[in-house]
Structure formats: structure tokens, C-alpha cells
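For this one, chain A is given, so just place chain B on it according to the hints.
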Amino acid sequence: MSKKLEPGMAYDTKKLNKVFAFLSILFLMTVVWVFLDDFIRPWKAVQLKGNQIKKAKLEKSLAEAQKGLDKDKLAKLETQLAEGKKIVQTRQKEISKVQKKLDAVRVKIKGEVIINGRLNSNVSATGFNYGIAHANHDKSEKELFKKLRKYKKEFAASSDRLKKYKAEEKVHVRAIAALRKEVLENEKGIKDLTSKIELTKLALKKLEINPIFVVRNSPFVDFLDPTLKIQQVVMDNITDDRYFQHVPKVDRCMTCHMFIDKEGYEDQENPYKSHPKLDLMVGRDSKHPMKTYGCTSCHGGEGHRVNDFSAAAHTPRNDEQLQEWIEKYNYHPPHKIAKPMFKVGETEAGCVNCHKEVEFIPGADKVNEGRMAMEKYGCYGCHKIEGWEHKRKPGPSLEKIASKVTKEFFKNWVWEPKRFNKHAMMPSFFGQSNNSEPRFMKKNIAEVNAMAEFIWSKSERYTPFMKYTGGNKDKGKELVSTVGCMGCHGVEGFDEASKKVGAYAGPYLTGTGSKVDADWLVSWLKKPSHYQEDTIMPSFRLSDREVNDITAYLMSLRNKKFEKLKFEPLDGKLRDEMLVTYLSAFDTIAVAKEKLSKMSEREKTLELGYRSVGKYGCYSCHNIDGFEGRTPIGPELTNIGSKPLTQFGFGHEHDVEHSRGGWIRAHLINPKRWDNGADKPFKDLLRMPNLYMTEDEADKITVALLGQVSDYIPLAGVKRLDANEKIANEGMKIVNKYNCVGCHKVDGFRGDIMAMYDDANEAPPMLVDQGHRVQADWFHHFLENVYPIRPWLSLRMPSFNLSNEERNKIVQLFQYKAHQNTFVDHDDVVKWEPGEREGARKLFKSLDCASCHAAGFNNEEPTAPNLYFVKRRLRPTWTEKWLRNPQAIFPETVMPNFWEDGESTDTEVFGGDADKQIKALTKYLYELGTMKLPDSNTKYWSKQ
Amino acid sequence: MKELINWLADPIRSFPIFTVLFILMMKYYRVVGTKKFAWGFTIISIPVVLWFATDPNFWLIITWPDNIPISILIVAILFFTWFSLYRCAVNDQRLDDGLCPEEALPENREKVWCWPNLVYTELFAIIAGTIFLIVWAIIFKAPLEEPANPTWAPNPAKAPWYFLGLQEMLVYFDPWMAGVVLPGLVVVGLIAIPYIDTNPKGNGYFTYKERPIAIWGFMFGWLVLWIYLIIVGTFLRGPNWTFYGPFEYWDFHKVVSEYNVNLSEFLWVKWLNTSMPSNLIMREMLGIVLTGLYMFVLPPLIAASNFGKSIIEKTGQIRYYIYITLLLVMMSLPIKMVLRWLFSLKYIIALPEWELNL
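Top line first, the protein sequences correspond to chains A and B. With this note's numbering, the residue at position 550 of the first sequence is 550, and numbering never jumps. With this note's numbering, the residue at position 2 of the second sequence is 946, and numbering never jumps.
Accuracy of the hints is not assured; some may be wrong.
Said to hold, decoys possible - Below, a list of computed lysine to aspartate or glutamate pairs in the EDC-like style, where the Cα atoms sit at most 16 Å apart: (1) Lys-566/A to Glu-408/A; (2) Lys-15/A to Glu-1066/B; (3) Lys-473/A to Glu-408/A; (4) Lys-1055/B to Glu-6/A; (5) Lys-1198/B to Glu-653/A.
Worth flagging that the hints you see were computed from the coordinates, not collected in a lab.
For reference, chain B alone in the conformation it holds in the complex:
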């Protein structure tokens, strides 16, 4: 059983599994978003987690002081995801029944004083948060280590937990992409959301039915491309950034077989069976063309589809193109991951001469 879980946890398998689970969750959100489901899930997961924890290797990983926030994060994410889905499900049922959302009921629309209702409770939150942080700091001492030794770096060298998703991206992309362009676009995209998403529905109340595109897009990026990667980076990446199953001993000497090939090498050597052209652009032509198609031809094509038309209708051309560009960039990550696993593809465009790899 443990071997099976170790085997399944490899990103090659766990990423599709996680994606499918995500799709199922979103699709059947009315089933997931019930208290019954929540209780059932909790009751089942407690013994499972306990069983996991009996494994010394797994216990070692989750009790590592650096990793405790991730455990808290997982629990919190589970709860809040379920909670929003639950509220969505309730509201959507009401909307189906021709009622207004719960938040719009007169008793929920009543106005209250800022003091003490807001300020006072915020103070509580501040105090409670401070207490929590202090107690945490006392119980789990900050893991202050030896002075940095340039000749003896820790292995694995891990980023702070909130950056582990980015670090995981480095496995699939050039540092320039994974470290600069993609995170930059994440920030830009998050800032752009209110300007792109002008749909007034769902304002002040939970709903899924009235804004599926926004929710799917965000939740995929958040849960699958960010949280999942953090979990992988924290729990499943050991020395040399090699994958280790949750029950696997972190053997320093573990070796994995990985040999990646560029798209241009596929094209010229494997398919055309000729030498690589010396002209860089010529050499990487296929990658450049494909990327161009993906980034510049795909958006108008989608615009012609029903999906695209509906967005343009609701938001306008400019918003559509910004949205679709951001979405395509975001989707490039899972696409690249899948290509890596299926074909050991290293780079679609490989121009190390210009330090430009995609």
C-alpha cells in the first residue's frame, strides 16, 4: 500500500490525479458542498492521516519545523475551499428555486456600527493571531542554523515555503521563465483581475453558477498550479531536488533517470535526420512557430468559438485578449509539465546562447 502511494505521489501521476480530482470537485460542487460530505471526508481522513503519521519517514517530514505551516495550510485550504463551495451550492440552489442568495436576505443586509462590531472583533483577531504566533515561536524554535558556508550548501536547498511552488516550476522551465516572467505575470494577472472581470454577479454573495469561467480559471491556478506545487516542493522533494514518496527514506544517494531533449533536436535529428542548422533562428524555427501559434493565433481562433464569443460579448475585445493571454501563459505550465513527462522534452525553444529558453 505504501509503495503504491509512493508510486502515485510522483508528480507524473499525482498531477493528473490531482487535476482530475479538481475537475470532479468543481463539476460536482453541489455534492462536495454539503455538510454531509464534509463530515464524511473528515471522518475518513482522520484515520488515514493517523495511519500516514505512523510512518517514521512521513512523520519526520511533517514535523520538520519548516513544514508545519504547510500542514496548517493544507487543513485551512481544505476547509475554506469546502466552505466556499458549500455557500455556492446553497446559493445556487436558492437561485435555481428563484430565490435571492442568502446574503441578500433582509436580515443579512441590515447595517451595523463599525465600532464595536468591526473594530473590536478585529482587535480580537489581532490579539489571537499574536498569541498564536508567540506560542508557535516558543514551541517550534526558529530553525536558526549555522552561518552560511558557501562550500557546504544544505541539500535540499529549499526556498521559503511560500515560494516552493516557484521552485518546483524551475524543474520544468528556464530560471528566467520560472523565476522572472511567470511570477511577474502571476502578480500582474492578479492585479488585473478586477479590471478584466467586470461581471457584477456574485458581488457580495457566493455563487458558482453565475461566474463559472472566473472560478475555474482562478481555482485551477490557485489549487493545482500553486498549492499542489507547494505540497510537492515541501513534502516530496528531497536531496538533490529528487522526488521522494511520502513514505520514502530521504536517501542522499538516490538517483533518477532523466535525460531531456530539446524540441529542435527532435525535429532535426530524429524526424528530419539531418544536422542541426548553424543559424539559431532556423534551428529553433519549429519551437518559435509553435509558440507564435499558441500565443498569437490561438486567441483569435478561440475568439471565434462560442466560448470566446460569449466573453467578448460580455467584456469587449481588449479585455478578452488580455484575459486569454494570461490564461494561455498560465496553461503553459501544465502543458510543459505534461510534455516533459511524456516526451522528456527539455525546451520548446532552446536558445542558451541568448539565455532564452522556453
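So that you can see chain A by itself, here it is in the shape it has in the complex:
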């Protein structure tokens, strides 16, 4: 203590004061900092920049509007206005006279409104008092009634006066307007011309940064009416699960994504971009307006959190973007968030949540394609997915397999299906990354042998009903490509076309000769349901000749390498070893061995076969006797999109992206990878087989699966199918089951085989608004008794083995999709207006309908459908629509448009009145339907 202090003081007071001053200033600074920290929010900067963008846009449109302004017209109007003003000036005296009257009336009106209001409330109050008095039989009742009547009378009189004054006011106003006519008219003209400019200017003014803007947005005052503020939508019909209660979803994304629902910002960078497809999403008039559906109900993420970029749980699309975001926004990946935002490209997964249990979601292409791929690979066979229960098992039935292929073929096929057919959809269980060690391979071989024995022991006997009598291979080949096989099958020899079509409902036809025998094949082709009752393979009504030709071709396709394969025989020791493992699940090994010793060799093999079929879940995809009703082998996927990330087993695979999507994608490409580096006993090896799918397919399936979430959405918020849509969806299930869409494009959906044809007229007909086109009763009949409608097509509509219920569902699908009820009952006798029939006949000639629709009219080869069947087949309203503009329904059609833009090519008949002509011609067609088809031409439409 060098310095001398006052007595009783430990410190120098001046020094203390200095410390105090320093601390106070520091404290003040931190207080300011607190307010600034609270005031400066990232989204404010975003909005400021957004306003600049908006301003630039407005200025541009202002400049354009000014440029587009008709200046001459404006100048003219202005001179007229000036003149008008002069004219009006001369009438100034009159105007002021009327104005005075008007003012006087207005005073009266004001006064009368007050009187009227008072009287009105008097009536109400007295009415109430009177009512009470009346109910209580009070003495005052009479007096009150008198009073009430008095008020009512006065009120009526007052109201009447008010009306009178108002009428007077109107007269005066009109009088003034008439006197000022020249001015008002021109003023209105100018306003019409410049209103857009004025409005834009007004909008621009709102964006100005002026003292008022500063005051409104400054700290402490900005709670009043700031211009920069958080924007939000609150959704009553969609809720957020807050674990103990559901609260309405709140999305504030539009705080930064300022123009997301506005057109004209497509050229901006995020967050200022307009949403793509505004007519479907987000836009005010779209099906999913922002006000009702918000953002996160589809995109996922934390819509209510705007404190910074990361808080909203944005998800980068790739590493590059991740790095960019880290730099730009100090981004960190979402943490402990159950549902982070979907990546760009995965957003469609959000559709599935509300659009449940439909066969396809219009507009959600990636999800639809993902589901198609799931159907192709048969994911639903092993994994239960709610809404997929109606689908048939993806693999063929094995109940009669022993009569179809040899045991040797079966074993080699199961071991590695791709070795026989590189397009095989049967996945590979063996020789994979987790079981290709010799010790595992040997056991797998024993299992395959045992499975073959087991399945053969369960297989029913089947004898083909036809014998192959030899055929023309080349003709067969041609038939395969022309008759329509390729709508469901890829075929060797047509590899290019097969690739284009990408059919998957049936197997890729290659090596058939090495697989089945010729008798089986002819029988199968002739009548598929003879071998398997519930097959979806239809009959093409092939003649015996044709069947033999096709068989000749298919039998010529051989896989010599595969034929030479010899499958290793069963190793009894390994079989016993595996059986001991199975039997010792609940017993000791000694007991298991004792049990085993009591079994015969055959019994042992069959037991292992039975166990192995259960182990690999063969029964999930194939019907196998003895496994009816067993639950499929894989875990359920209904809610996989909500499965917590921590429950996905990433094993030692650290290079897999740590997200649900990352896991699913990696799993689809190689489901065995999670075993890498794990020391597992044989029985615990992962069993999901390798599907060898492409990354693109895996991506799409991932999107479809990510949408399988368990989020609860109130009924008011989800898409509920209406009665029509429900029926249509039921029909769609049948259409998908039989792969109708493999050939027909149903309102723009699929039509795979059309890829083979350059000319859509050569392809199967597109089914556009089919329910409106055809009569329901005809359609039902047709599905049961298929006959050729378009004889010039080499393709054939096959005869499907449909049940009556299925036929009904298909008919209903189209009917309800087109909002058509049942069929149209039209009169047998067509009623003609005078002269109409003659006109129709003339038209029929002048338009030369019979040149294409030849059947029944001449002996030409018909190149268009038979017109004698129009009545039976088509609905009149559709026929008219078709005649009016065929290209609008089917753009590629060769049917000419005779009434382009409502103008007839035939100007004579009915004076060229298009409506009359179309009506008459339609009538004529329906009259034809009542006539008998001339015999001489029948060969064209009955020709096979």
C-alpha cells in the first residue's frame, strides 16, 4: 500500500468511481447489445433485399407500362378534358345551385339518420320490455304496448323520410354529373389509360425507404406496425404433433420466401423464387393453396422457426450445397428433429402422407415411378405396406413347378437367377458380399438342394393338354412382336424394343428353350389358366398354328451355358449341422441331435427344405403349398418414413449418408452391406436378397418410401376420395393387376408398349375419357367377349381371365372417372327433322366417310372402325365431340377434322352450319346401328 489512504478506507474512492464508471458504460453497452441482438434478425435482411427485388420488378413493369402507354390518346383526352372544363365553367352557376340543394338534402339525411337510429333502438328496447311485461302479465303491459306502437309508427315515418331524402340526393348528384359530363367522361378515359401506372407507382411508394419506414421498423416502436415482419399461415386442418396434443400447424417460411406464391419471380434465386407449378401448388387458385396447406405439410421441416437458416431444418441436396450453406449461412444439419425437410428431388414424398391408398398420384411422377419400381421388384411381397394388400404375389406359383421346369434348372436358377436371364426380376440370395465365403457357400448349396426337394415334394402333378407339333420359328418371332406379347414381356431378339417398352409384368423371354418343354409351352400359350387358375397372363385367342409357331421361336431361345451347369449335390453333414442349429433353438444340442437321429435321410432333407423356404421367405413371393397365411418375411414399411434415424442399422458403413433416405438408398443398392465387418454366425446373416437395381430406380423407390410416414393429419386436411374417385381407384387396382396400362395409355398414364410404335395409330388405342366414349353395357360385354374393333391392327386385345366383379370394376373405373352414369339409352328409331336425313346422307358422301370406315359400304380394306357398331359401342355425346374435333381427343389420329374452328368443309349442307351437320351425321350413324350389316363385307370385321 504505497498510497496513503484515508482512515477507514480500503480503497481510493476516486479509483472506485472510475471502476464504477467503466462498469456502467460496459453494462450500458451490453444492454444496447441485447436490444440489437434481439432486433437484428436474419430474415429482416432477407426482406430488405426482397423489397429491392420487388422494387426493381415494379420499376421495370412501370417503365414498360409507360412505354406501352398510348400517348396520342392521352394527349387527346387531356385536350378534351381542358375543353370540357371550359364548357363546364359556363355552367358553373347552375352547378352551384344544384350543389346547394344537394348540401341541404345531405344535412337532412344526416339528421334523419340520427333520429332513425334512436327510434330504432327505442323500438327494440320497448319491444323487449313489453315482451317481459306481457309474459308476466304485468300491469304496465298495456302502456308499454301503446308506447311500442307509437315508436314503431314514428320509426316507419322516419325511415320513409330517409328514403325520400336519399332519392332526392341521387337526383341532385345525377344532375351535377350531367352538368359536368364533359369533364367526367374524359377524366374516366384518362384514368382507364393510366390506372396501371398509378397503381404501380403506389406500390412502389410503399417500398420507399423513408423516415416513416425507419420509424415503423425501429427498435421499441416496431411492435406497433412494422413493415418488416414475420409472415405466417396458420393451418386449422393440419396439425403438428406436440406429443401430448396436436396444435394447428404454423408455417413462417414466407417470411423469407417472400414471393413463393407469386408469379413473375421464377428468375430469382432462392429464397426469392416463385414456387414451380403454381397452378398445382402454393398458388392462390391451385389445388394446394398456401393459405390452406402451408409449406411444411409437404416439404417437412420446422416451418415455425425463423430464428436462423438452420432452425428451419433445411436439408442440402448434396455435399456441394452443404459446403455452400456452411459458408453462407453458418449452417449445421438439423439436430433432434423428427422430420427434417425433404431434399430437393425428394419432396414428392410429401404427397404420400395425404394421398393415401391410391394407385397413383397425378403429378407426383417420381413417387409413381418409385411405386412402379416397387411393383416391378415386388418389394410388397416380403414387406407389408398398408394399401398394397390387394396386390398379387410378385412371383409365379410354385404349386405345379415340378411339371414346368427340371430340378436342376430350379437349383441353378435359385442360386443365381441373373446367370440364366440378366433381366430376371427374381433377386439373388446367394454369392453375395455377406455369404460368399466358402463355409457359407457350402451351407447355402445344401439349403438350395433341400429347398428343391421340399418344393418338389409339395408340387402337384400337371399334364399339358396340347402337344407341340412343330412350327415356323420366323413366323413365331414375328407374331411375338406383333400380337402384343411385348406389352408385358421383354423378348430376346427384340432387345431394342424391349428396352424402350420396359415391360415388367411378365418375365423377360430369354432362354425359354432351356427352361420349359415345348408341350408345356403350347398349352400355356393356348390357355394360360389351364396351368395356373389365377394367372394374369391372358389368352390371345391364338390358333393352334400360331401357338406352335410362337413355341417354335421361344424354344429356339436357349441358354447353352446355363444348361451345362451342374448343381453340387447335397452335403448331408452340413444339412445335419444346420438342422441341429434349428432344432437347438429351444433345446440343447444333445437333444437336437437325438431328435435328428430319429429322422430318415429324406425327412431330414425335407425338414431343411421347409426351414429354408421359411428362412428366405420364398413363400412371400411364390405360392407354396404349406405356407398359406404366413406373414411375409420382411419388416413392415408402412411407416418407414417416420422410423427414428437411430433405429436404422448403419453397421460399420460410415460412408453412407446419415439420413433415412441415405440408408434406404444404400440398402436398395446392396442390402447385404450392413454385414460388412460383422462377425455373424451363418443363421444370422442378412437375408434380404440383392435386387441389382439401378441407382435411378433406388432413388425413386427411396422417395416413394420416404413418404410412408405415420404423421397424423386431421380428416379435414387429407385428400379423401369422393365416391367417384373411390370407385375409380378400385378399378385402377384391377387395371394395374392385369397390366392394362402395359398397352393402353389410360388418360395419359403409362401405355408402355406405345414406345414401340412411331405411329400412335398402329399402337393400342389410348383410353382418353373412355367412360364417356363407350357404353358401359357394351364395355362389360366386350371385356368378356373380346372381338377386334380395329381390324387393321396386328395387335390383339387379349382375352383376360376376369371375374365378373373385376369386369364391373374396370367398367366402373372409366365410367366414374368420366363422371358418366350407367349407359345412354337411345331410342331405337332416330327422329329426323324435315330434310335432315337427306342432308346427313349427303354429308356422309361428301365427307367420304366410307373411304376409311369401309366395312359394310364397299369392298375396300377398312382402315377405321366399323360404323355399324357405333350405336352399340359409343355414346352419342362423345360421338359428337369426336366429330367436332378428333385431334383434341387423340392428337395423332388420322381421322380428319371436318369442322375446324366450327367451320364446315361442306358449305352446302344446311348452309354450312357445323352444329346442324354434326348433329345430323351423328343421328345417321346411330340409325346405321339399327340396320343389318351387309353380308358381303362381313369378312373384314370377323377376320381374325
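Same frame as chain A, now just chain B:
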């Protein structure tokens, strides 16, 4: 090197190491309590800490907003421990030399006014503290997270940092013990200190020499059984409350081999090779007897020793027994920890039927 540190950091090893360091520090407090030592320690530790911080996993742990107070706490504890030892060392040297403690020098005994000397400086402390808290709150936002989801609890689920010592105790004790009895006794014991410790020495000045028992007892409980456990709980316990070395990646799937056995199972199955008696008391007899010996026989035995005699002489019988009971309860924690590590001992008395496990 990092592997070695990871290996050493496991409580099985770090607890004895820490205890030995503690004993050395207390024993050689006159060496530790010098400015030279403090500077040396600081100069050595700075590069070491920097080297630690270069490890991404370690950096992640110490910069976790929840863990920052622990880092501050470690630095503060180091300083204040050293500071008290330093003052003790200086005073004890003076006492050895026959002088009075520093605090008793006339210039240090001078009285000053409460205002402004105390009140004013307290105000400074309040303001400075407020500034510190505000700045901290701005820079490290309070880690407010998602609404609690009962089906998706955070892993590891950690107590607030000041309770992490208790949470660490849960590894070794029944929740009833670690969560209720022991913390209760800690509080009771702390309240009881002024009534038990009637030694007037060290009143108003730092000294070690004149009250070694009090200082050893308190410092062991404070540094080894509280601070150490907080550090372990904060930095070294990851998902599933599994131990992770300071440089180890918190792999969610890390599995450790642990299978613990009760004392009664040791007795009946392993040593006597018979079945477990159905009578609960009979079954847990050994544990009950041992606990009884520890709690009720040990105190009189210690009372007969020189150590016990000296305490009784200075404070009286009642104070001695309260003190020794509290001390034994406190020591039960390290004893149980050591038994767990050496023998995988689960409970000494295992009566889950009565929800009573020791």
C-alpha cells in the same frame, strides 16, 4: 498417445490416478502452493490444452454449449485450490517460524467502512456478473430444443451440469441411494460442518497444518467425489452413458462388456456352491452383516485408535460419532466404485423385492 490418454481416462484408471494426484497435492502442498509451481503448471498446461483442442472430438465436447460452464469450472477450481494451498503454505511457514498468520498482521486487521468499501465493490461484482451472464447468453444461445418427445429421448440424457456428479453415482448405486440418501446426507453433512468442527484454528486465516482432518475430509469429498465425477459425467460419458475417451468419437453403437453380480450370489453360488436361500434376509445375510460392521462396529473401533481418540478428545463423543458416520457414508462411494471395478460387484445388499439395494 491419444489412445493412451483415452485408455487412462476410463474411471477405472482415472479415479485412482486422480485420487493419488489428490493425495500428492495435499501431502506436498508446500510445493504445490508456490507461485513457481503455479507458473510452471500454467506454462506446461497451455500447450497441452491446445494440443487437446486440436482433436475434433475433444473440441466438439468442450464447445458444446452445455459444457462450457464445466470448462470455466475446471479453470476456476484449479485456481482457487492452488490459491488456498498457496495461502496455507505461506501461513504454515510463518507459523513454523513462530510468527502469526498473514491475516493477523496489524495492517490486515485494520477496520474499514462498510460503505463504500464493501457495498460499492459488491455492486461492481453484481454489475460485472450481470454483464458476464448477458454476454454469455448472447454468444451461446440457450440450447432450447424440440418439444419433449416421450418416444424419442435424447441420448445421452444428461442432468444439468451441477447434477452430473449425482448422475455418475447412479452407475454404482441404486437410484434410491444415489438419488435420495447420499445427496440428502451431503446436504445434511454440509449443514452439520460448523456444529461438528469446533476447532477455532484457522478462523479468519488460511492454514493447513492446524486442521488437517477437516481439510482432507472436505477436499476429498469436494474434489474427488464431486468435481471429478462432474468432469467424467460431462466429458467422458456419451450415448447410453457409456464411457468415451476424450478423443473418442461418440459412436452411438459402442458396446462395453459389463455383467455385474451381487454379493449374495458370490456367497451362495460361488463360494458355498449351494442354491440361494428363499428367505430374503438369510440370502442377503453377508451383505447385511458387512454393512452393519462397517456402519456400527467400525466407529467404536476407530474411536479406540489414536485418530479417533484425538477427535473425541477435541470434540466429544457425540460429535465424533456424527462425524465418523458421515465420513463412512462418504467413503462408501469410492469403496463401492473400487469393488465394482475389481469384482464387478453389483450390490452388497440386493433386495429389489423391497426396493432396497446397497
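Do the hints match the structure? See the list:
1. With a C-alpha separation of about 7 Å, the suggested pairing of Lys-566/A with Glu-408/A holds against the 16 Å cut-off.
2. For the hint linking Lys-15/A to Glu-1066/B, the alpha-carbon distance of about 15 Å falls within 16 Å, and the restraint holds.
3. As the CA atoms of Lys-473/A and Glu-408/A are separated by approximately 27 Å, the hinted pair breaks the 16 Å bound.
4. The suggested pairing of Lys-1055/B with Glu-6/A holds, with an alpha-carbon distance near 12 Å, which does not exceed 16 Å.
5. The hinted pair formed by Lys-1198/B and Glu-653/A meets the criterion: a straight-line CA distance of about 14 Å does not exceed 16 Å.
When each numbered hint is compared with the structure, a violation occurs for hint 3 only.
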